[in-house]
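Engineer: Spelled out, the chains give:
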Amino acid sequence: MDSEIQLRVDGRRKRLRVDTRMTLLDALRDGIGATAPKTGCDHGQCGSCTVLLDGRRVITCLTFAVAHDGADITTAEGLADGEWLHPMQRAFIERDAFQCGFCTPGQVCSALGMLAEVEAGHPSVATDDLTGPVELTDEEIRERMSGNLCRCGAYVNIVDAVRDGAR
Amino acid sequence: MTDLLRPRVLGQSPTRVDGPAKVTGTARYAGDQRVSDPAYVHLVQADVARGVLTEVDVSAAQALHGVLAVLTPDNAPRLASTDDAELAAFQSHEVAFRGQVVAAVVARTREIARHAAALVRVEIDQRPHDVHLSADRDDLYAPEKVNGGSATDTEQGDIGTGLAHSPFTLDQTYTTAWYNNNPLEPHTTTALWLDGDLALYESTQGVHTTRESTARVLGLAPERVHVIAPHVGGGFGSKGTVHVHVIIAALAAKAVPGTPVKLALTRQQMFSLVGYRTPTIQRVRLGCDADGRLAVVAVDAVGQTARIKEFAEQTAVPSRTVYAAPNRRTTHRLAALDVPVPSWMRAPGECPGMFGPEVAVDELAIACGLDPVEFRIRNEPDVDPDTGKPFSSRNLVACLREGARRFGWEHRDPAPRARAESGWLMGTGVAASTYPVNRIPGSVATVRCTAPGRYLVSIGAVDIGTGTWTSLAQIAADALGADFTDVEMRIGDTARPRASVAGGSSGITSWGSTVVAAAREFRRTFGDHPAEGAEASAAMPEDDVGEEYAMHAFGAQFAEVRVHADTGEVRVPRLLGVFAVGRVVNPRLARSQLIGGMTMGLSMALHEHSVLDERFGHVVNHDFAEYHIATNSDVPHVEAHWVEEHDPHTNPMGTKGIGEIGIVGTAAAIANAAHHATGVRVRDLPLTLDHFLE
Amino acid sequence: MIPFDYRLAPDVDGAVAAATGWGGVAFLAGGTNLVDHMKLGVAAPEVLVDISRLPLDAVEELPDGGLRIGATVRNSDLAAHPAVRRDYPVLARALLSGASGQVRNLATTGGNLLQRTRCAYFQDLSTPCNKREPGTGCSAIGGYTRQHAILGASAHCVATHPSDMAVAMAALDAQVTVLGTSGRRVIPLVELHRLPGDEPHRDTVLSPSDLITAVELPPLPEGTRSLYRKVRDRASYAFALVSVAAVLRVEDGVVRDVRIALGGVAHKPWRARRAEDVLRGSPVDGSPADEEVFRRAAEAELAGAAPLAGNGFKVPLARNTVVSALRGLSREER
Numbered sequence: 198m199d200s201e202i203q204l205r206v207d208g209r210r211k212r213l214r215v216d217t218r219m220t221l222l223d224a225l226r227d228g229i230g231a232t233a234p235k236t237g238c239d240h241g242q243c244g245s246c247t248v249l250l251d252g253r254r255v256i257t258c259l260t261f262a263v264a265h266d267g268a269d270i271t272t273a274e275g276l277a278d279g280e281w282l283h284p285m286q287r288a289f290i291e292r293d294a295f296q297c298g299f300c301t302p303g304q305v306c307s308a309l310g311m312l313a314e315v316e317a318g319h320p321s322v323a324t325d326d327l328t329g330p331v332e333l334t335d336e337e338i339r340e341r342m343s344g345n346l347c348r349c350g351a352y353v354n355i356v357d358a359v360r361d362g363a364r
Numbered sequence: 004m005t006d007l008l009r010p011r012v013l014g015q016s017p018t019r020v021d022g023p024a025k026v027t028g029t030a031r032y033a034g035d036q037r038v039s040d041p042a043y044v045h046l047v048q049a050d051v052a053r054g055v056l057t058e059v060d061v062s063a064a065q066a067l068h069g070v071l072a073v074l075t076p077d078n079a080p081r082l083a084s085t086d087d088a089e090l091a092a093f094q095s096h097e098v099a100f101r102g103q104v105v106a107a108v109v110a111r112t113r114e115i116a117r118h119a120a121a122l123v124r125v126e127i128d129q130r131p132h133d134v135h136l137s138a139d140r141d142d143l144y145a146p147e148k149v150n151g152g153s154a155t156d157t158e159q160g161d162i163g164t165g166l167a168h169s170p171f172t173l174d175q176t177y178t179t180a181w182y183n184n185n186p187l188e189p190h191t192t193t194a195l196w197l198d199g200d201l202a203l204y205e206s207t208q209g210v211h212t213t214r215e216s217t218a219r220v221l222g223l224a225p226e227r228v229h230v231i232a233p234h235v236g237g238g239f240g241s242k243g244t245v246h247v248h249v250i251i252a253a254l255a256a257k258a259v260p261g262t263p264v265k266l267a268l269t270r271q272q273m274f275s276l277v278g279y280r281t282p283t284i285q286r287v288r289l290g291c292d293a294d295g296r297l298a299v300v301a302v303d304a305v306g307q308t309a310r311i312k313e314f315a316e317q318t319a320v321p322s323r324t325v326y327a328a329p330n331r332r333t334t335h336r337l338a339a340l341d342v343p344v345p346s347w348m349r350a351p352g353e354c355p356g357m358f359g360p361e362v363a364v365d366e367l368a369i370a371c372g373l374d375p376v377e378f379r380i381r382n383e384p385d386v387d388p389d390t391g392k393p394f395s396s397r398n399l400v401a402c403l404r405e406g407a408r409r410f411g412w413e414h415r416d417p418a419p420r421a422r423a424e425s426g427w428l429m430g431t432g433v434a435a436s437t438y439p440v441n442r443i444p445g446s447v448a449t450v451r452c453t454a455p456g457r458y459l460v461s462i463g464a465v466d467i468g469t470g471t472w473t474s475l476a477q478i479a480a481d482a483l484g485a486d487f488t489d490v491e492m493r494i495g496d497t498a499r500p501r502a503s504v505a506g507g508s509s510g511i512t513s514w515g516s517t518v519v520a521a522a523r524e525f526r527r528t529f530g531d532h533p534a535e536g537a538e539a540s541a542a543m544p545e546d547d548v549g550e551e552y553a554m555h556a557f558g559a560q561f562a563e564v565r566v567h568a569d570t571g572e573v574r575v576p577r578l579l580g581v582f583a584v585g586r587v588v589n590p591r592l593a594r595s596q597l598i599g600g601m602t603m604g605l606s607m608a609l610h611e612h613s614v615l616d617e618r619f620g621h622v623v624n625h626d627f628a629e630y631h632i633a634t635n636s637d638v639p640h641v642e643a644h645w646v647e648e649h650d651p652h653t654n655p656m657g658t659k660g661i662g663e664i665g666i667v668g669t670a671a672a673i674a675n676a677a678h679h680a681t682g683v684r685v686r687d688l689p690l691t692l693d694h695f696l697e
Numbered sequence: 005m006i007p008f009d010y011r012l013a014p015d016v017d018g019a020v021a022a023a024t025g026w027g028g029v030a031f032l033a034g035g036t037n038l039v040d041h042m043k044l045g046v047a048a049p050e051v052l053v054d055i056s057r058l059p060l061d062a063v064e065e066l067p068d069g070g071l072r073i074g075a076t077v078r079n080s081d082l083a084a085h086p087a088v089r090r091d092y093p094v095l096a097r098a099l100l101s102g103a104s105g106q107v108r109n110l111a112t113t114g115g116n117l118l119q120r121t122r123c124a125y126f127q128d129l130s131t132p133c134n135k136r137e138p139g140t141g142c143s144a145i146g147g148y149t150r151q152h153a154i155l156g157a158s159a160h161c162v163a164t165h166p167s168d169m170a171v172a173m174a175a176l177d178a179q180v181t182v183l184g185t186s187g188r189r190v191i192p193l194v195e196l197h198r199l200p201g202d203e204p205h206r207d208t209v210l211s212p213s214d215l216i217t218a219v220e221l222p223p224l225p226e227g228t229r230s231l232y233r234k235v236r237d238r239a240s241y242a243f244a245l246v247s248v249a250a251v252l253r254v255e256d257g258v259v260r261d262v263r264i265a266l267g268g269v270a271h272k273p274w275r276a277r278r279a280e281d282v283l284r285g286s287p288v289d290g291s292p293a294d295e296e297v298f299r300r301a302a303e304a305e306l307a308g309a310a311p312l313a314g315n316g317f318k319v320p321l322a323r324n325t326v327v328s329a330l331r332g333l334s335r336e337e338r
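Residue numbers (my numbering), protein chains in the order written: chain U, 198 to 364; chain C, 4 to 697; chain F, 5 to 338.
Mixed in with the good hints there might be a few duds.
Which stretches of chain U does chain F cover? Using the computed rule of at least three CB atoms under 8 Å from a CB of chain F, they are [unchecked claim]: (1) 235-248; (2) 260-266; (3) 301-315; (4) 347-353.
Okay, the calculated beta carbon distance ranges per label pair [what the hints assert, rightly or not]: (5) G252/U <-> G18/F: 25 to 35 Å; (6) G391/C <-> R360/U: 31 to 41 Å; (7) G332/F <-> R124/C: 27 to 37 Å; (8) G25/F <-> R124/C: 23 to 33 Å; (9) R284/F <-> G318/U: 29 to 39 Å; (10) D687/C <-> A159/F: 25 to 35 Å; (11) G27/F <-> D86/C: 47 to 57 Å.
Everything labelled a hint here was simulated from the structure, so no lab data went into it. This one's a predicted model, so the numbers in the text were calculated from it and none came from an experiment. Even glycine gets a Cβ: it sits at the ideal position worked out from N, Cα and C.
Input sequences plus hints: build the corresponding full structure.
Structural biologist: Right, dumping it as structure tokens:
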């Protein structure tokens, strides 16, 4: 069963027909041709498909596109302005925070979504005082970035990059 | 001795040239390639471990709107070669392991393909299967050779006499688990036939090797197969050889003429279709004198292979080289089981094979009251104990000493279970690491002048995350005497000259030597002021010194471990590795390779374990929710360093290969640290909390 | 995945009406668990009623000091809510220890309660499972049982409930508001989930057209402390092997109120009443002597444990984690 939806992806309005069974991830990839969100596990277990949905980081493999009519989505591609990379992206390059690069667009989106959560004062399980302000320690970064698996093992560089990119 | 390059760009740390494409997600991996109006393939797998297909009923699937074709053993075309049973898709009704592909649906959309695959009804006459690995099996056999071409067994001196005369002996059995490579990018093929030629956008560690294997199976001339892989989402060995999905994608595309097809394995399917590391059982016997000098090193390794195709993990091979001892023995035995086909996984042989012996050495060092660093230093050989050849360079001792210094080892109290902090027991451990310098012949590179002072260097190598795009450009720049930014690489495509596979940490040695040869040929022919369009090619030079020397990289791994006194939870707050890997091409990228290997070693030590359910014959925990790999939180601090090492024998760059050594020894260092923390000696990986619960 | 009809619920009553009379209907909120199961073929609804846009996404502080949590409040929003962080740290920590940031931004309160077991055999259509296909047998018994139950299991099913949030809510005596065809009713959270018995396919007491609309938390008296301790196989992003939600109020050196729930050990969030009985009225002063009573309490609860081959370690693990949690709470700054 098909349905027509409209999405705003990386600033561009897109109208597309989707099979109701199509995940948001597959709609972005197969329907719109976005390549930044990746299919790493397809079951919400790796974070490679992370995008910013209405400003918040979400996985896209476990949600149907049809339920997101009207959504505003930013992928890692949309974070850059042409050749001009987002500071977080530059930090990932400078710190060599990836190797194969497959999890990277999801890591970058997750990092920015996570920083917005920290900015809003949201605690994590690594936060000692749930009611106090949140300090972005390395332990906080690690815990908050743990939803993005990296098989190449770039974690320590990712933490460095996120710390730099947060400045 | 080779003519060593004078380093200029070599040793510098330019950032990855593919960095901007990767951080923006615009780098095209196999599944990202734009083809017009593709069809999608979804696989149907056998749900028994052994049997004979009696019926594959595709009527319901075929009736679904949008289904274009369903391939089964009843209708699939015959392949030209079935010598490699792993690749003989749909050529037989025999089911040889659970998860074997028995049908493939081609449909207009992913959703339809997946739905239709669920409608294929498969009847299998089930036969009793045998998937039980044990060192006690009476049908274990000795393979002719083990992976890498090494001898299956070796023996020097006499083990029995050696042990009888040793005041300190050890005889223990260690096990490593079944591991799945699990690169983040699932194996993916986009296939298209055009006028009898096959184009494959493939997730592979070798475009030319994929071409050659695929062409052989399909009965095509190799030049009719075009393989493209500009970016690969990790491989760790699992993309080093062709697996069956490539053949199926080619057959599926053939079934829908004019339509490209996309086949992406699911994460679950990867647990049975793309290789894995065999579980190993290692009996280690050591004997030493009162000064800790080894008289005996014996390792008897047992692993599994698939009944349909042999893969012999060279688990005991590293023990032939690391320590001196007059009495030595190594053996490899295999059980051929009804299991998926095992294959390469990062540092096959060395990775599991440096677990048992390196824990054993820790145990023996403690038994004779020696510091485990000192114990290792005392057993440093003068020449390669296996071949008797001199080492081209060997700096294990330097790594151990430098590592100990950086780690703060000198203050270590050797007593186990003697330190606690906020409810956690703390300990530290060490292990040695080694990996051979491999070179694979058969690469060719071309250098072309594209504008004054600018060069295009082509070689069909791949970048699986190792940094090939960047490091080969550095090598080419130095070989040409050009600036790094004046060299443009062309790789990842069979349209470039042939290159060997990205495996065995051989990439820089093989491709780099080839690029240097091509650059030198270019300069010899065209001098320092070539005309635009000037072009020269060269093949990888013959290795003229390899026979004279034993060539290996070495390293020392140090780990700090804490174990929760109440719950047994194990954490690794710190890993530190020091390596002797020859000259380092790009420190920024090299460090990533080494910490990446160490991180995977940590993951192996604490988490990874593909759990086989022997009743069904399958890996039960076949996804990332249950097959745990380390998360960011598991890896607080990993440091990699290297000692200066000048080795004029390995290749013109003086490099040794760094992709794999980082994972070697890590698990042993962590297990040794866990013993230091708790007093509990764990000989079976992974180090889950239940080992430490009281 | 079979094709399905997608309907956006117009309002709360309309959602229930839309779901009534259909065999294969499911409510869709965050999607995380349902879509997962649809992909695996474990769930195959013909109609999805999307409730994600209904006005059930508010957290209200109630006049009595309690809290009403809408069914579609995202897990991350609930964990970040000032009242949860201030008054119900056990709940905030339980939420924050579940899944990952980008999953918690989708997952909802109602969906979290209704998530199904992570038993690998349940999720794998190629292995028998009584929960997925009644009468086919339980593959976990005799198989891989690391994630499986040690309490309250049956010969038909040894699965565990995977939620962290629900364990905290069980310890908080939460009440679940449900709207069904015959109107609104309130179910104590500890009675929402079932033990498997001989009907393991029924996770909860709800019928398919029952819609969870809210969860209410009663207020905690002054001086009550709470925490959530999760033990898992990696440092983050993993389901619990064992978890403990503990709520404790000690006055004048005596335990006045204690509520303990365990996760990862049973088919439902396991309220540890036997342990509570041992503790209630016991003297506790933050000294090492407390250890003995904590241990006795944990052992009382676990006396009925029936571990499987392969998960016997969970008994000492649960015992030690309970003791550790109580020790932590009793020594917290007063």
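Engineer: Evaluate each hint against the coordinates.
Structural biologist: Each hint tested on the structure:
no.: 1; hint: 235-248; in the structure: holds (count 5)
no.: 2; hint: 260-266; in the structure: holds (count 4)
no.: 3; hint: 301-315; in the structure: holds (count 4)
no.: 4; hint: 347-353; in the structure: violated (count 0)
no.: 5; hint: G252/U <-> G18/F: 25 to 35 Å; in the structure: holds, 29 Å
no.: 6; hint: G391/C <-> R360/U: 31 to 41 Å; in the structure: violated, 51 Å
no.: 7; hint: G332/F <-> R124/C: 27 to 37 Å; in the structure: violated, 55 Å
no.: 8; hint: G25/F <-> R124/C: 23 to 33 Å; in the structure: holds, 31 Å
no.: 9; hint: R284/F <-> G318/U: 29 to 39 Å; in the structure: holds, 36 Å
no.: 10; hint: D687/C <-> A159/F: 25 to 35 Å; in the structure: holds, 31 Å
no.: 11; hint: G27/F <-> D86/C: 47 to 57 Å; in the structure: holds, 52 Å
Violated hints for the displayed structure, listed by number in ascending order: 4, 6, 7.
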